[in-house]
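One-letter residues, chain by chain:
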Amino acid sequence: AMEGSAGARIREGDCAVLKRGEVFKAVPVLRRRKIIFEKQWFYLDNAIGHIYGTTFEVTNGGNLQPKQEVEETTTETKEAGTDNRNIVDDGKSQKLTHDDIKALKDKGIKGQEIVQQLIENSTTFRDKTEFAQDKYIKKKKKKYEAVITIVKPSTRILSTMYYAREPGKINHLRYDTLAQMLTLGNIHAGNKMIVMETCAGLMLGAVMERMGGYGSIIQMYPGGGPVRAATSCFGFPKPYFDNLHEFPLSKVHSLLSGTFSTETLPSDPEDNALVEEESNGLTEEKQTSLQETEEEPTTEAPMEINQAEEQETVDINAEDVEFKENKEKENKENVREKQMKQWERRKKLTETAALLREKNADGLIVASKFHPTPLLLSLLEFVAPSRPFVVYCQYKEPLLECYTKLRERGGVINLKLSETWLRNYQVLPDRSHPKLTMSGGGGYLLSGITVVLDKGKSDSSNLEALKMEEPSPKRCKVQDLHC
Amino acid sequence: MSFIEYGDTIKDGDTAIVFLGHESMFPVKVQHGTVTQTKYGVIRHSTDLIGKKYGSKVTCSKGGWVFILHPTPELWTMNLPHRTQILYSTDISIITMMLELKPGSIVCESGTGSGSLSHALIRTVAPTGHLYTVEFHQQRAEKAREEFREHGVDHLVTVTNQDVCKNGFGVSNIADAVFLDIPSPWEAIAHAKSALKAEGGRICSFSPCIEQVQRTCLAMEEYGFTEINTLEILLRVYNVRTISLQIPDLGKAAEDNSGTGFDSSSPSTQGSPGANLQQGTVQFKSGVPLREMVGHTGYLTFATKS
Numbered sequence: 001a002m003e004g005s006a007g008a009r010i011r012e013g014d015c016a017v018l019k020r021g022e023v024f025k026a027v028p029v030l031r032r033r034k035i036i037f038e039k040q041w042f043y044l045d046n047a048i049g050h051i052y053g054t055t056f057e058v059t060n061g062g063n064l065q066p067k068q069e070v071e072e073t074t075t076e077t078k079e080a081g082t083d084n085r086n087i088v089d090d091g092k093s094q095k096l097t098h099d100d101i102k103a104l105k106d107k108g109i110k111g112q113e114i115v116q117q118l119i120e121n122s123t124t125f126r127d128k129t130e131f132a133q134d135k136y137i138k139k140k141k142k143k144y145e146a147v148i149t150i151v152k153p154s155t156r157i158l159s160t161m162y163y164a165r166e167p168g169k170i171n172h173l174r175y176d177t178l179a180q181m182l183t184l185g186n187i188h189a190g191n192k193m194i195v196m197e198t199c200a201g202l203m204l205g206a207v208m209e210r211m212g213g214y215g216s217i218i219q220m221y222p223g224g225g226p227v228r229a230a231t232s233c234f235g236f237p238k239p240y241f242d243n244l245h246e247f248p249l250s251k252v253h254s255l256l257s258g259t260f261s262t263e264t265l266p267s268d269p270e271d272n273a274l275v276e277e278e279s280n281g282l283t284e285e286k287q288t289s290l291q292e293t294e295e296e297p298t299t300e301a302p303m304e305i306n307q308a309e310e311q312e313t314v315d316i317n318a319e320d321v322e323f324k325e326n327k328e329k330e331n332k333e334n335v336r337e338k339q340m341k342q343w344e345r346r347k348k349l350t351e352t353a354a355l356l357r358e359k360n361a362d363g364l365i366v367a368s369k370f371h372p373t374p375l376l377l378s379l380l381e382f383v384a385p386s387r388p389f390v391v392y393c394q395y396k397e398p399l400l401e402c403y404t405k406l407r408e409r410g411g412v413i414n415l416k417l418s419e420t421w422l423r424n425y426q427v428l429p430d431r432s433h434p435k436l437t438m439s440g441g442g443g444y445l446l447s448g449i450t451v452v453l454d455k456g457k458s459d460s461s462n463l464e465a466l467k468m469e470e471p472s473p474k475r476c477k478v479q480d481l482h483c
Numbered sequence: 001m002s003f004i005e006y007g008d009t010i011k012d013g014d015t016a017i018v019f020l021g022h023e024s025m026f027p028v029k030v031q032h033g034t035v036t037q038t039k040y041g042v043i044r045h046s047t048d049l050i051g052k053k054y055g056s057k058v059t060c061s062k063g064g065w066v067f068i069l070h071p072t073p074e075l076w077t078m079n080l081p082h083r084t085q086i087l088y089s090t091d092i093s094i095i096t097m098m099l100e101l102k103p104g105s106i107v108c109e110s111g112t113g114s115g116s117l118s119h120a121l122i123r124t125v126a127p128t129g130h131l132y133t134v135e136f137h138q139q140r141a142e143k144a145r146e147e148f149r150e151h152g153v154d155h156l157v158t159v160t161n162q163d164v165c166k167n168g169f170g171v172s173n174i175a176d177a178v179f180l181d182i183p184s185p186w187e188a189i190a191h192a193k194s195a196l197k198a199e200g201g202r203i204c205s206f207s208p209c210i211e212q213v214q215r216t217c218l219a220m221e222e223y224g225f226t227e228i229n230t231l232e233i234l235l236r237v238y239n240v241r242t243i244s245l246q247i248p249d250l251g252k253a254a255e256d257n258s259g260t261g262f263d264s265s266s267p268s269t270q271g272s273p274g275a276n277l278q279q280g281t282v283q284f285k286s287g288v289p290l291r292e293m294v295g296h297t298g299y300l301t302f303a304t305k306s
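Going line by line, the protein sequences match chains A and B.
Letter by letter, the first sequence follows residues 1 to 483 in UniProt numbering.
Letter by letter, the second sequence follows residues 1 to 306 in UniProt numbering.
Keep in mind that the hints are not guaranteed to be accurate.
As the list claims (entries may be wrong) - Below, simulated PhoX-like cross-link-like pairs (lysine-lysine); rule was C-alpha separation at most 20 angstroms, straight line:
{"no.": "1", "chain 1": "A", "residue 1": "Lys396", "chain 2": "A", "residue 2": "Lys416"}
{"no.": "2", "chain 1": "A", "residue 1": "Lys359", "chain 2": "B", "residue 2": "Lys53"}
{"no.": "3", "chain 1": "A", "residue 1": "Lys140", "chain 2": "A", "residue 2": "Lys110"}
{"no.": "4", "chain 1": "A", "residue 1": "Lys359", "chain 2": "B", "residue 2": "Lys52"}
{"no.": "5", "chain 1": "A", "residue 1": "Lys138", "chain 2": "A", "residue 2": "Lys128"}
{"no.": "6", "chain 1": "A", "residue 1": "Lys139", "chain 2": "A", "residue 2": "Lys102"}
{"no.": "7", "chain 1": "B", "residue 1": "Lys57", "chain 2": "A", "residue 2": "Lys359"}
{"no.": "8", "chain 1": "A", "residue 1": "Lys78", "chain 2": "A", "residue 2": "Lys141"}
{"no.": "9", "chain 1": "A", "residue 1": "Lys110", "chain 2": "A", "residue 2": "Lys141"}
{"no.": "10", "chain 1": "A", "residue 1": "Lys143", "chain 2": "A", "residue 2": "Lys102"}
{"no.": "11", "chain 1": "A", "residue 1": "Lys416", "chain 2": "B", "residue 2": "Lys285"}
{"no.": "12", "chain 1": "A", "residue 1": "Lys105", "chain 2": "A", "residue 2": "Lys67"}
{"no.": "13", "chain 1": "A", "residue 1": "Lys348", "chain 2": "A", "residue 2": "Lys338"}
{"no.": "14", "chain 1": "A", "residue 1": "Lys141", "chain 2": "A", "residue 2": "Lys39"}
{"no.": "15", "chain 1": "B", "residue 1": "Lys39", "chain 2": "B", "residue 2": "Lys11"}
{"no.": "16", "chain 1": "B", "residue 1": "Lys285", "chain 2": "A", "residue 2": "Lys396"}
{"no.": "17", "chain 1": "A", "residue 1": "Lys405", "chain 2": "B", "residue 2": "Lys285"}
{"no.": "18", "chain 1": "B", "residue 1": "Lys52", "chain 2": "B", "residue 2": "Lys29"}
To be clear, the hints were calculated from the coordinates, so they are not data collected in a lab.
Based on the provided sequences and hints, a complete structural model is requested.
The following block contains the structure:
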C-alpha cells in the first residue's frame with residue numbers, strides 16, 4: 001500500500017529525521033555529504049539500507065555504525081550514600097582535567113569508556129544517593145555518547161521538531177494545537193479541503209498525511225507562491241501531489257465577485273521563477289528551501305535563525321544567483337517553453353478556480369500570520385454547509401473579533417474558542433513528577449460548523465441564534481453572586 | 001452519509017445530529033414515518049429531514065427551529081450514549097497524532113467501551129486501514145458492533161469479545177499502533193508488543209492514576225519499548241464576552257466631564273449610551289475562561305517498538 005511506512009528502509013534521496021535525545025533535525029539522505037547535528041559531524045552513507053528507527057554510533061571518521069545493544073557496565077560494587085550532608089562542593093571532586101578528557105576524546109576512545117572513567121575519577125560518586133548517581137550517569141552519557149537515531153518523518157516528529165527549533169516559522173503553533181486542528185477539522189481520506197497557512201507548509205503536510213492521497217486540497221497562498229519547505233520534509237510519494245492545488249489569495253475577491261480571469265494574472269519574472277521551481281519537483285530540498293529563503297526577510301525576525309542555518313542560507317543564495325543566471329540563458333533560447341509553462345499555469349489556475357466555485361469544500365483550515373477575520377469571512381464562502389472549520393492564531397484577541405464578526409455574518413454554529421495546555425511528566429520509580437518546564441503558549445483555536453445561510457432574514461435569525469447559543473450576561477452575574 | 005464519507009443530503013437510515021443551540025444537541029436515526037420530539041416541537045423525518053441538505057435549518061411544529069448536522073466522530077463523542085467513561089476529542093487528537101495514524105494504519109484498541117475513540121480511529125485509518133478492538137464486556141462489545149453497522153463503518157473494524165490481558169488482541173505482527181484504556185495496562189504490554197508489526201510501531205496507554213502509569217512504564221521498559229513519554233493535555237475553553245468596567249469617580253468628573261480619555265461610545269458599545277455617560281464605563285471584548293474546567297482526564301503514555 002502507498003501508505004505503508006513502518007519497517008521502511010533508509011534510501012538515498014529520502015528525507016529523514018535525525019534524533020538525539022529530544023532534539024530532531026530533518027535532512028536529505030545523500031551520499032558523501034557532511035551533516036552537522038548537535039555538535040557532531042558525520043556522513044549518512046552507512047545508514048542507507050538500514051531500517052528507520054535504527055540507532056547509530058558516530059565513529060571517528062564521521063561514519064555511522066548501528067549501535068550494538070550492550071550490557072550496561074555497572075560499577076562493580078553498588079555503593080551509594082543516603083543523603084548529601086557530607087558532600088561539599090569544592091570543585092575538586094573530578095580528578096580528570098579538561099585536558100585529560102580532551103585527550104581521551106582525541107584518542108578516539110568510545111563515549112561509554114569516557115563516562116566510565118569520569119565515574120571512576122569522581123571522588124564523590126560513591127557518596128551520592130542512588131538517584132543522584134543515576135542522574136550523573138545520564139547527564140554524562142548524554143554529553144559523551146555520540147549516538148543518533150534516524151527516524152521516518154511524520155507529523156508527530158516534524159511538528160515537534162519545528163516547535164522546538166523554529167517556532168517563528170510556524171507562528172508558534174504547538175504540536176498539540178496542530179493535533180487538535182486535524183481532529184476538529186475532521187481531516188480524513190476523501191475530503192476536499194481548503195488550507196490557508198503560513199507555517200512553512202507544516203500544516204499542509206499534516207493535512208496531506210491524514211488524507212493519505214485520497215481527496216483534494218486547495219492551498220490558498222499569499223504573495224508569489226505557496227511555501228512548502230516543511231511539506232517536502234514529509235517525503236510524500238508523488239501521487240499525493242496530483243490533487244494538491246494552489247490558488248492565490250489576491251484572487252479570492254475577484255473569484256467571489258465573479259470578475260476572476262486568468263488573463264489578469266501578475267506575470268512578473270520573479271513570480272514565474274517560483275512556479276518553474278515548483279514544477280521542477282517539490283521534493284527536492286534545495287528548491288523548497290530556496291522558496292523559504294525568499295520569504296524570510298519579510299516574515300522572520302533574524303534572531304530566530306541560528307548561525308549554522310544562516311550559513312546554509314547564504315550558500316543557497318549564492319547558488320540561487322548562479323541558478324537564475326543559467327535559467328536566464330535557457331529562457332532566451334527557449335521562449336516557447338516558457339509560454340507553454342505560462343499556459344499550463346493558467347490552465348491549472350482555471351481548474352482550481354472551478355473547484356472553489358463549486359462552493360462545496362468539506363472544511364477550512366487557517367493557520368497564518370495574517371488577521372484571521374478577513375480570511376474567514378471570505379474563505380467560508382467556499383465551504384459546504386455542515387462542515388467543520390478551524391482557525392489558528394498565535395494571539396487570542398484577533399479570534400475574539402473573528403468570533404464576533406462570524407456571529408454577525410451568520411451561517412456558523414457551535415463556535416468555540418479554545419486553547420490546550422500540555423504537561424510532560426518524568427516517570428521513574430519514586431521520582432515521578434511533572435517536568436520542570438512546560439510550554440507557555442501554543443496558540444489559540446476558533447472552531448465551528450457551517451450551516452445553510454439564509455440570506456433573506458439573516459439579521460433577525462442571527463439575533464435569535466445569538467440568544468440561543470450564548471447564556472445572557474445577566475444570568476451569569478446572578479450565578480457569580482451565588483458563589 | 002457515513003462517518004467516513006460526507007454526503008450532501010439526509011437519507012433514510014442516516015444518523016444525524018439535531019442541533020438545538022449552545023452545547024445542546026442529540027443524535028437521531030433518520031427513518032421514514034418516524035417523528036422526533038424536541039423542546040421546539042415535533043420533527044417529522046419523512047417531510048422535515050429526508051432529502052434535505054445537511055446543515056439546513058428545520059422548523060419544528062411549534063415554530064422553533066433546529067439545525068440538522070452531518071455526523072462526525074467529534075459530534076458523536078459529544079452525543080453518544082455512555083456505557084462507560086469515554087475519551088473526549090482533546091485527548092483523542094493527541095493520541096491520533098502521537099500514534100502516527102493515517103489512512104492505511106492498522107490499529108489495536110482495548111477496551112472498546114462506548115466507542116468514542118473507536119469512531120475517531122476508524123475515521124482516520126479509512127479507507128484502507130483497520131481497527132481491531134477488544135472488549136471483555138459482552139453486552140458492550142455487541143452494542144459497539146451494532147453501532148459500527150449503523151454508521152456504515154463495520155467493514156473497517158473487528159470487535160472481539162475477550163480479555164485483552166489474558167488473551168491479547170487476537171492478532172499478531174500486523175499493527176502499526178496499539179491503544180490501551182484498561183485498568184491494568186501493564187498486564188497487556190506483552191500482548192501489545194506481539195500485536196505490533198515486527199518492524200515496530202507505536203503504543204499509547206491512558207490511565208487516570210500515576211500509580212498505573214508507573215507500572216505501565218516499567219512494563220514498557222521491560223519489554224524493550226523506547227521513547228517512553230508521559231504527558232497530559234488540558235483543554236481551556238473561553239467564552240467571548242463584552243465586558244463593561246465602571247470608571248471610578250475620583251471627583252474629577254465635576255471639573256472635566258468629557259476629557260477622561262475613555263471612549264464610552266466606542267463602536268462595540270451595546271449598552272445604553274446614556275447610562276455610560278452618567279456612570280463612565282469602558283467596554284472591551286474578553287475571552288473569559290469557564291468557571292470550571294476539566295482539570296484531569298488521564299495521563300497518556302506513549303512509546304515506540306523498534
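#### Entry: Broken hints, by number
Structure breaks hint 15 only.
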